[in-house]
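Undergrad: From just these sequences and the hints, can you work out the full model?
Protein chains in written order, with the numbering used here: chain V, 1 to 183; chain Y, 184 to 366; chain C, 367 to 722; chain G, 723 to 1078; chain P, 1079 to 1162; chain S, 1163 to 1246; chain D, 1247 to 1509; chain E, 1510 to 1772.
These are computed hints drawn from the structure, not numbers from a lab.
Hints are supplied without guarantee of correctness; some may be wrong.
Pairs of lysine to aspartate or glutamate residues, derived as DMTMM-like cross-links and limited to a Cα-Cα distance of at most 25 Å, are as follows [to be verified]:
no., chain 1, residue 1, chain 2, residue 2
1, E, K1770, E, E1701
2, V, K80, C, D579
3, D, K1451, D, D1495
4, Y, K263, Y, E240
5, V, K154, C, E705
6, E, K1576, C, D579
7, D, K1451, E, D1748
8, Y, K342, G, E726
9, V, K80, C, E411
10, E, K1714, D, D1405
11, S, K1213, E, E1518
12, P, K1081, D, D1405
13, G, K987, Y, E240
14, V, K154, C, E370
15, S, K1165, E, E1518
16, V, K159, C, D579
17, V, K80, G, D935
18, G, K995, Y, E328
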Amino acid sequence: MHEEIIFAGFGGQGVLFAGQLLAYTALEEGRHVTWIPSYGPEMRGGTANCTVVVSDEPIGSPVCMHPSIAVVFNNPSLEKYEPLVKPGGLLIINQSLMVTPPSRTDLEIVLIPATEAATEMGQVRVTNMILFGALLARQQLVRAETVLTVLQDKLGARKAHLQAINNAALERGAALAQAQPVE
Amino acid sequence: MHEEIIFAGFGGQGVLFAGQLLAYTALEEGRHVTWIPSYGPEMRGGTANCTVVVSDEPIGSPVCMHPSIAVVFNNPSLEKYEPLVKPGGLLIINQSLMVTPPSRTDLEIVLIPATEAATEMGQVRVTNMILFGALLARQQLVRAETVLTVLQDKLGARKAHLQAINNAALERGAALAQAQPVE
Amino acid sequence: MAAELLKGNVALAEAAIRAGVEAYFGYPITPQTELLEHMAQRMPELGRAFIQAESELASINMVYGAACAGARAMTSSSSPGISLMQEGFSYIAGSEVPAVVVDVMRGGPGLGNIQPSQSDYFQVTRSAGHGDYHPIVLAPASVQEAIDLVMLAFDLADKYRHLVFVVADGLLGQMMEPAELPPMRPLHTERPDWALTGAQGRAPRIITSLELDAPALEEVNNRLQAKLRAIEEHEQRYAEQMIEDARLVIVGYGTAGRIAQTAVKQARHEGMKVGLFRPISLWPFPERRLSRLADRVDAFLVVEMNAGQMLDDVRLAAGGQVPVDFYGRTGGMVPVPEEIYQAIATLYAKLPDRLS
Amino acid sequence: MAAELLKGNVALAEAAIRAGVEAYFGYPITPQTELLEHMAQRMPELGRAFIQAESELASINMVYGAACAGARAMTSSSSPGISLMQEGFSYIAGSEVPAVVVDVMRGGPGLGNIQPSQSDYFQVTRSAGHGDYHPIVLAPASVQEAIDLVMLAFDLADKYRHLVFVVADGLLGQMMEPAELPPMRPLHTERPDWALTGAQGRAPRIITSLELDAPALEEVNNRLQAKLRAIEEHEQRYAEQMIEDARLVIVGYGTAGRIAQTAVKQARHEGMKVGLFRPISLWPFPERRLSRLADRVDAFLVVEMNAGQMLDDVRLAAGGQVPVDFYGRTGGMVPVPEEIYQAIATLYAKLPDRLS
Amino acid sequence: MAKGRIEINEHTCKGCTLCVIACPQDVIVMSTDRPTAKGYYPAMLVDPEGKCTGCALCAVACPDVCITVYRQVPVRAARAEASV
Amino acid sequence: MAKGRIEINEHTCKGCTLCVIACPQDVIVMSTDRPTAKGYYPAMLVDPEGKCTGCALCAVACPDVCITVYRQVPVRAARAEASV
Amino acid sequence: MVALETVIEEQVVYARPASLRDVPTHYCPGCTHGIAHRLVAEVLDELGVRERTIGVSPVGCAVFAYKYFNIDGCEAAHGRAPAMATGLKRVSPDAVVFTYQGDGDLAAIGTAEIMHVAARGENITTIFVNNAIYGMTGGQMAPTTLPGQRTKSSPTGRDVELAGFPMRMAELVGSLPGAAYVTRRSLHNVKEINKAKKAIRAAFKVQLAGMGFAMVELLSSCPTNWGLSAPEALQWIEDVMVPYYPLGDTKVADGVDALMKER
Amino acid sequence: MVALETVIEEQVVYARPASLRDVPTHYCPGCTHGIAHRLVAEVLDELGVRERTIGVSPVGCAVFAYKYFNIDGCEAAHGRAPAMATGLKRVSPDAVVFTYQGDGDLAAIGTAEIMHVAARGENITTIFVNNAIYGMTGGQMAPTTLPGQRTKSSPTGRDVELAGFPMRMAELVGSLPGAAYVTRRSLHNVKEINKAKKAIRAAFKVQLAGMGFAMVELLSSCPTNWGLSAPEALQWIEDVMVPYYPLGDTKVADGVDALMKER
Ligand SMILES: Cc1ncc(C[n+]2csc(CCOP(=O)(O)OP(=O)(O)O)c2C)c(N)n1
Ligand SMILES: Cc1ncc(C[n+]2csc(CCOP(=O)(O)OP(=O)(O)O)c2C)c(N)n1
Ligand code: SF4
Ligand code: SF4
Ligand code: SF4
Ligand code: SF4
Ligand code: SF4
Ligand code: SF4
Ligand SMILES: [Mg+2]
Ligand SMILES: [Mg+2]
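TA: Have a look at this one:
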């Protein structure tokens, strides 16, 4: 297995954390993994992306031009990454902030109304977990159980009260993804 | 003609000015010339040397290991430069501050009690002009008349009153040098 | 200890702590600020010295002071901050005290940007400041190697009483990957016999880079040069991959070298005889090994995240025996494997047959 | 105008004035202080800007400011001061404004001493600061050439909107010899069309070295590199003597080159076929001519007042075709013709016969 | 009391709420459903009763110069007041 | 008045005259005929009448620490005074 | 009656000043850097000097100030804006030159430059935005960080034993004879903003009158790195910063008084 | 009577302190750098700390101070002595660390470092030799050069319009909260020299007591570059420097008073 995943959105959407969660989990499952972020100039509200490579072998390049998977949290990211995903790759889109739908036909495309769903859940900040749940439902990069353990570990005692909503969000994302037909 | 002359003594003895006077005069007489100083760490009272090269041709190196002429103003300079002067070269010594007389026999050596003579003249600061006068008497690098013109020029209106004593010192030096037998 | 997912900057900092750094002085600058922040947290906890200095100039001169006292001291910065430290580096090299500097390079010149770059190669390897000297420069390509090289850096600094750089770039600084930290080494309990500790029951010690007397300063320089020759003799480090039968060898360090590895693999996959040579010590440059390679390969392709700096060293090592080509990205652009592969493929197709 | 006996430092200063420098900012440091002092006297007299800044950092950034306004501006310093200016140089190069810097080099590293040296070669030619750039570097060997090259420096700075160094050493700075100053050039009355003058009746102008977007900063770098290639194409300068039939060519710049001339003459006198190649532009290094010479001479001997810095450039230009030997003095020691002659004679005796 | 109104540039508004706090008439509220391209929820004037006086306190408080303030003024007085 | 005397290190003295000015007894004068190796004319004590009190003002004023001051003191009192 | 003849007309009473470009800034929501920008721009407009002003941006969150002001501008190295402005001003005496600097820029790395520009009485204006933190690099301690304040590089609060005491720059700079006008103002509410604008106006007038160096220190918010909401951040200025950094003039040279009074 | 029993004995009442090596200095005749050295050495002797003291020499005429003091020493880069001393002290808290700096070193290039060492309340001592000029480089203007004073870089006298006003460093540094003891003294006559010594002693005691930063500014002569004889130079200090640089304490923190009084 060797997958290159890009998470992209704006700051404050939990983009980087989603990527880190994947990385921690992959490590937990004994894979090789790299995570790298990139930001815009703003401290808040600018672009925030990260690239995660998960592999069964030692990883050379942690960057790539054509990711096999992209999870885009907003419309500018969709515009930027839709053309770059590898043919046959997976593109997960936060439908709530999508302006123009994607046009490529050689990709597996999953539309998730993540912001809406998160708002419905009363916590817009779990948008990222919803999208992450959707990702795992479509491509089992890591096992959902491991994610839950890692998440518990990362949240720690101080934020333990957030565990439940995060878990729910992951499930919600998975459910939304499964509800969508695989084209 | 190509001569490399070192003037050496301690700061405040007018060492550098003696060299500059030679350089200005040589230029006035249409020669190629370079002048370079070197100092110790002290602002006052440290070593002060300069090297003057006078030549009929464009000058390559303005430094040399073995000067053809050395004019030493004090005993440390005598100790340093006696061994370095080219065989057959000229060594002018301020006898007033000499501790051990030179031992080389392959040099033309001129002992001038310059500090004493200058003190006698009532102006210890013309020690340098006495030694310079002695130098010119032994080796006509430049003409004495030109020296006087240049000196007048350099002293300028503000210091014109010093012209007489400087001229006298040059002459005194020449006289002292001529009084000494050429070995 | 098991591998943990560590950020490059944090790993660099924690490695220094494990190596027994007694004092850290630094000034914030992206993309190395997490290093300073980690130190801000950990050093006071451990009862060691931490100061966020008023500037990079102050940082490096604080390091200089702590080093004179015989303590393991370090600072870290990124390109513009490194430029500001040049005078300090020169003093440290001239007075022969050990010190470690981490440079997480970013795009330049000037304020440039905060993206990854390798454009400090010249300023760190050549003479980071006036005068004749070269710092030892180590360039890790992974978080694990960053840890290992920081440990090594302190040892080399002490061994040679010399300035040692660990140079990373923004990508390695910001990247997380699994790595294992070594156990905490005990702090040195004794000060070395040249350190300033107060002249108790012994003659005073002086540490200075000043020597007004030219012959004496030349002696100092001769000693320094002899030390540098010894370092060149003993400390050339590199890694190689798929080099045995390679006709074309890619030369890249740090992040560029690591990314090139993926391109090299792809090229092998396509049947090209391509290898990777990754200098780990940038100074001393591993020229001995490289010039031996020059005897038998058909070409070198240098890959850097700059406009061609190590290129000079590779050309010097190649000694005119084989062509040396270059592929570089500047301004914070990180080359992706695909483009390096393209450069390899293009060059490979043009390779003269050495034997013909 | 007739030749006058001029001190190098004063000649450098007065030449800048004749070249129309509008603003001088500097900080005292031996052995260039007379330059600053001459400016202190003359600039206010002429109604031009003079500031003794609080430091070299302030000096170079004042130069940067005045240059942004489109004025001819300069500073001067010596080695440690030049190290402190590295960040400023990088900003100036990155924002492409013209500026002239005089470096009267002294012995290092560290505080070193105040004797003549050439050990800033790396730090000025490679990349005086972080990022990918080279300043133009001119190295005079006589007071007259110092004057001429200062005049040229301002013209090149304006032409390329680039940083230009004139590098001398303590000996040239302190030396007096006859030279002729050019007549006073009129000050530029108009500001260039990129200068900051207030956005009167036009769109605002911005001068910056910042570009957070990596692709855009790469573009900036590409432009800068293209300019540097153009400079390499057009501005390689050197002087040669007795080169036609030379089997051994001495390569030396500035004072070292000048002293070598005497040694070369002596060697010719003794019947050795020896010539002198004196780079005048250190960057761009006159590698075109030198590599052509490498086709036909038997060896190069590099002479520098450092531990071997230009040596790299000569080796690169020689491209492994001929042996490159080195003779250097450090720590403020000035080689005398006798010792260079010795080095020549020794090497000459060992010359392989090319044709055999 | 003078009658006024404001226009808020919804593209540049960053939803910081400082105008809301500054307004003495409590006629500015934050939107909750229309994030800007940057993901902020902009402020908007909700003034059904026409309470806005055009006092411009909101505009003075806004860090992003998003607010243009209009006031209905007697024309002759306006010239004098405009330069206040 | 206590009786004293000083020794001036003629090798390190730079002939600055500051001790001469500092001495309340006027018993220090500058030599004029014996330059040091560095060319300075050192100060010397000329105290035929034994006027030096050992007050040490000259030593305090000397920038080159050339002066050692001696004083004749009643032994028992000396211990107390020496630490003044 | 005359009043009856008056027509009611809608007029713009507040709009973007001409000296500020109509572009969104990269500042965080609620960051008062934006207010400082606007005030400077309004003053340049009102003094009618936009077309002869040159602004020097710092390294700090205001690094892009040159993109926001509608004037000629440049970008200084970190802390060196005063030196750069000096160079600009000495060769362009008719230009209005100002620096815009943060507290890391001005009070840490740039200490020497600001002190000496004031000592020289350089005829420039400095807008000094004190937010008690390094904003741009993500919230480290600044020389102005308050005792006990938590930052990324003082995670347990600024410990004055190890990190020393905050520097009051307006007082230090104001104590130099070359400084003509130095004051400290705040941006935490409308009243203070209006006072800040008056101070900025005075500072530029000092320059126009050739009276020497003027600096306006502005207490400013950094909600992001203080970990507060925008309104909380303003409250923090009032509650915590103002007591340590008293508002008011620290230097008013002869003649400046008169300038401040005239319209 | 007891007096008759007392023996008259010759005793040394003034000799070179042990903390000063018996070597000639490179200072010019009459330069009071020598006095400053001696006073520091005497204080180190008297406090019994010679064997745990580390001195940091500046770049300036006192560059060789490490050769003259009989203690461990090092040589800082120009202006950076306070930073270097900080590094030394933080890893050697039991050592007595001091910097010895000239006015070019401390008040020009080293402005940031001295201000911040004081702001941090770094527990070190600074001896600041203010001679209103750059001695070592041959007499250029310093930040402390007086208005109208001729130097090699202000050949027609310091023009405050172009070069600004002299900086009073004791006042500036004393105004920082981290400074525990800051004072200005002079070396121009025996009475002042004795007072200067008391101040130096107090400054070192502050360090020994762990109270923070202490600085003693000493007005000092530079006969060579002032173009005056040694006695004239001392007179010039009294006539010209003292009026501009008033002698006395600019900062005495709580508790320092007590230290100063105790023997
Ligand atoms: C020489 C150098 N050192 C450090 C930096 C990194 N840096 C950028 S902004 C900044 C501090 C900004 O803080 P401040 O001046 O307070 O401005 P703010 O962001 O708070 O407005 C630093 C340290 C740099 N760019 N250059
Ligand atoms: C970076 C740097 N800049 C400049 C110099 C040159 N320099 C040596 S001493 C000195 C000034 C000394 O003046 P001051 O500090 O007042 O000491 P003083 O000699 O008067 O005692 C300068 C500028 C230097 N050595 N290093
Ligand atoms: S103008 Fe005044 S009343 Fe109207 S919205 Fe703004 S603050 Fe409120
Ligand atoms: S103050 Fe400005 S940016 Fe903030 S919410 Fe109101 S309009 Fe938007
Ligand atoms: S000890 Fe006193 S009296 Fe004696 S020489 Fe010295 S100053 Fe004069
Ligand atoms: S004060 Fe000292 S140096 Fe000066 S003359 Fe007297 S003994 Fe000599
Ligand atoms: S980080 Fe702070 S200072 Fe910077 S823009 Fe954001 S709120 Fe403003
Ligand atoms: S130059 Fe001045 S400060 Fe330096 S030693 Fe001489 S008199 Fe003293
Ligand atoms: Mg700030
Ligand atoms: Mg001084």
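Undergrad: For every hint, state whether the structure bears it out.
TA: Hint by hint, here is what the structure shows:
Between K1770 (chain E) and E1701 (chain E), the direct Cα distance comes to roughly 18 Å. Compliance with the 25 Å bound is thereby established for this hinted pair. For the hint pairing K80 (chain V) with D579 (chain C), the CA-to-CA distance comes to about 64 Å; that exceeds 25 Å, so the pair is violated. Note on K1451 (chain D) and D1495 (chain D): the hinted pairing holds, with a Cα-Cα distance of about 15 Å set against a maximum of 25 Å. Taken as a hint, the K263 (chain Y) and E240 (chain Y) pair is broken in the structure, with Cα atoms around 29 Å apart against an allowance of 25 Å.
For the suggested pair K154 (chain V) and E705 (chain C), the alpha carbons sit about 37 Å apart, so the restraint of at most 25 Å is broken. For the hint linking K1576 (chain E) to D579 (chain C), the alpha-carbon distance of about 14 Å falls within 25 Å, and the restraint holds. Of the supplied pair hints, the one linking K1451 (chain D) and D1748 (chain E) is violated, its CA atoms being roughly 38 Å apart against a limit of 25 Å. Restraint check for K342 (chain Y) and E726 (chain G): the C-alpha separation of about 21 Å stays at or below 25 Å, so the hint holds.
Proximity of K80 (chain V) to E411 (chain C) is assessed by CA-CA distance (about 44 Å); at most 25 Å being required, the pair is judged violated. A distance of roughly 24 Å separates the Cα atoms of K1714 (chain E) and D1405 (chain D); the hinted pair therefore holds under the 25 Å criterion. Taking the CA atoms of K1213 (chain S) and E1518 (chain E), the gap is near 18 Å; set against the 25 Å cutoff, the hint holds. At most 25 Å may separate the alpha-carbon atoms for a hinted pair to count; K1081 (chain P) and D1405 (chain D) exceed this at roughly 53 Å.
Of the pairs offered as hints, the one joining K987 (chain G) and E240 (chain Y) holds, with about 12 Å between alpha carbons and a cut-off of 25 Å not exceeded. A hinted pair counts as satisfied when its Cα atoms are at most 25 Å apart, and K154 (chain V) with E370 (chain C) qualifies at roughly 13 Å. Note on K1165 (chain S) and E1518 (chain E): the hinted pairing holds, with a Cα-Cα distance of about 11 Å set against a maximum of 25 Å. In summary, the hint linking K159 (chain V) to D579 (chain C) is not supported, as the alpha carbons are separated by about 66 Å, beyond the 25 Å threshold.
A C-alpha spacing of about 15 Å is found between K80 (chain V) and D935 (chain G), which places the hinted pair at or below 25 Å, so the restraint holds. With a C-alpha separation of about 44 Å, the suggested pairing of K995 (chain G) with E328 (chain Y) is violated against the 25 Å cut-off.
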